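Visitor: The hints should help you fit chain B onto chain A, whose structure is shown.
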Amino acid sequence: MKIYLQLGLILLAFCVAATALLAYVNSLTKPQIDSIQQKEAEETRRKLIPDSEFEEIKGDFTYYIAKDNKTKEVKGYVFTAKKNGYNGPVKTMAAIDKDFNIIAIKVIQQTETPGLGTNSTQPKFTDQFKGKSVEQLIVDKDGGVPPNCIKAITGATITTRAVTNSLKESITLLKKLVLEKSASTIETQVREEVHK
Amino acid sequence: MSFMKELTKGIIKENPTFVIVLGMCPTLATSTSVNNAIGMGLAATFVLICSNIFISLIKNITPDKIRIPVYVIVIAAFVSIVDMCMAAYLPALHKSLGLFIPLIVVNCIILGRAEAYANKNNVINSIADGIGMGLGFTLALSVVATIREILGNGTWLNMRVMPKTYDPMLITLLAPGAFITLGLLMALMNMLKEKK
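Residue numbers (numbering that gives the first Met the number 0), protein chains in the order written: chain A, 0 to 195; chain B, 0 to 195.
Keep in mind that the hints were calculated from the coordinates and are not lab data.
The model shown is predicted, which means the values in this text are computed figures rather than measured ones.
Be a bit skeptical, because a hint or two may be false.
Here are the simulated EDC-like pairs of lysine to aspartate or glutamate, each with C-alpha atoms no more than 16 Å apart in a straight line [said to hold, decoys possible]:
1. A/K129 - A/D96
2. B/K94 - A/E39
3. A/K38 - A/E55
4. A/K97 - A/E72
5. B/K94 - A/D33
6. A/K66 - A/E55
From chain B, some residues computed to sit far from chain A (all C-beta separations above 12 Å) [as the list claims (entries may be wrong)]:
7. M23
8. L110
9. F178
10. G182
11. L184
Don't be surprised by glycine CBs; every beta carbon is placed ideally from N, CA and C.
Looking at chain A on its own, in the form it has when it is part of the complex (with noise of 0.2 Å):
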C-alpha cells in the first residue's frame, strides 16, 4: 500500500511541477502572442480592404466598419467568423462590400488534417468565395448548384462546410445587426430634427 502511495506521490511531484512550468511560460509568452495576433488581424483588415481605416464595433459579435481613407464612406465590413471542423475550431476572417457580398477571405485559425483540410487556407479554395452572396454560401455536396455554390476540397468536405456555413450564419446576423444600427441611427436623425 506504501508503494503505491509514494508512487502516486511522485506522479502529483510531475504534474505539479510540469503545470507550474507551463503556467510560468505562459505568464511569459501570452502577451507576445496577444500582441502578434492583433498585429497579424490588423494586417488581415488592412490586405482585405485596402486603403481604408476601420471602426471596431463590440458587442456580441464585433466586427470592424472599413471606411475610405480619403472620402470616408464606408466601403464594407470586416468580422471573423468561426465554426468547429473536423479538428476543431476554424476561424475565418472575411470582408463584405456594403451590400452584403464577399469581397474576399481568409482563413485565419485552423487545426485541419495536414494535406487535406488545411488545403483551405490556400487562395485556389479562397477565391472562390469572392463576390458570393448569403444565398450562393452552400457548399456543392449539400446540393449547391454551381456556379451558385461553394466547391468542397477534396476529402475535407467537414472543413468547407465550417468555413462556408460559420460565414453564411455570420454575414447573417451581421446584416440583422446592420440593419438595426442604421435604423437606431436614423430614429436618432429624426429625432433632433424633430427637436430643432
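Guide: Frame of chain A; chain B shown alone:
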C-alpha cells in the same frame, strides 16, 4: 557504442517509419506534400532531441513503475513550451511549423525512443539517437511525400514536374494512398535487405 554509430542507425538500419513502423499517424497526415513532410520531420526532430535529453537526465529519479506516465507528462509539457515560445518569439517559423506541433504530441516515435533508448543511455548517446531517428523520420516522410505529391498533384515541392495533361491520381493524397505507398516502400526495403 560510438556517437556516429548511434547517429546513423536511425537513418536506414533502424528507420523509425520503415523498420520500426512508429509514428504512422503523422506519417499519413503530413506526407501529402514534400513541404509538409520536411516541416513535420524537422519539428519532430527538434522535440525528439530535447525530450531524449530530458528523459535521459531524469532516468535515475523516475521509479520504473510509473515511467510511462512521467514520460507522457514530460513530452506533453515540453511540446507545449516549444509551441508557446515559438509562437511568441519566432512567429514566422511558428506559422510554417506550428501546424505540426499538436501532431508531435501523439507521435509515438518520441515516446518510443524515450522508452527504448533514452532511459537506458547517457545524455550524449541520447542526443545522437534523437538526431539520427529524427533525420530518418524526415527522410522517410520525404520519400513517401515525393511519391504521393508527384502522383497525386503532379508537383514536387510545389514545382510542376508532370506535364499539364497529367490527370492526378487523387487517391494517393488520401489515407488509403498513403498506406499503399508505405506498404510498397516497405516491401522494397525488405527486398533489398534480403538480397544482401
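Visitor: State for each hint whether it applies.
Guide: Outcome of the hint check:
1. Between A/K129 and A/D96 the alpha-carbon distance is near 11 Å, which keeps this suggested pair within the 16 Å criterion.
2. For the hint pairing B/K94 with A/E39, the CA-to-CA distance comes to about 12 Å; that is within 16 Å, so the pair holds.
3. With a CA separation close to 15 Å, the supplied pair A/K38 and A/E55 stays within the 16 Å bound.
4. The suggested pairing of A/K97 with A/E72 holds, with an alpha-carbon distance near 10 Å, which does not exceed 16 Å.
5. With a CA separation close to 15 Å, the supplied pair B/K94 and A/D33 stays within the 16 Å bound.
6. Restraint check: the Cα-Cα separation between A/K66 and A/E55 comes to about 11 Å, which is no more than 16 Å; the hinted pair holds.
7. No Cβ of chain A comes within 12 Å of the Cβ of B/M23; the nearest lies about 14 Å off, and the non-interface call holds.
8. With a least CB separation of 15 Å from chain A, B/L110 remains clear of the 12 Å interface cut-off, as annotated.
9. No beta-carbon of chain A comes within 12 Å of the beta-carbon of B/F178; the shortest separation is about 14 Å.
10. For B/G182, the non-interface assignment is confirmed: its Cβ lies about 19 Å from the closest Cβ of chain A, beyond the 12 Å cut-off.
11. Even its closest Cβ contact with chain A, about 18 Å, leaves B/L184 beyond 12 Å, as expected for a residue assigned away from the interface.
The structure meets every hint from the earlier list without exception.
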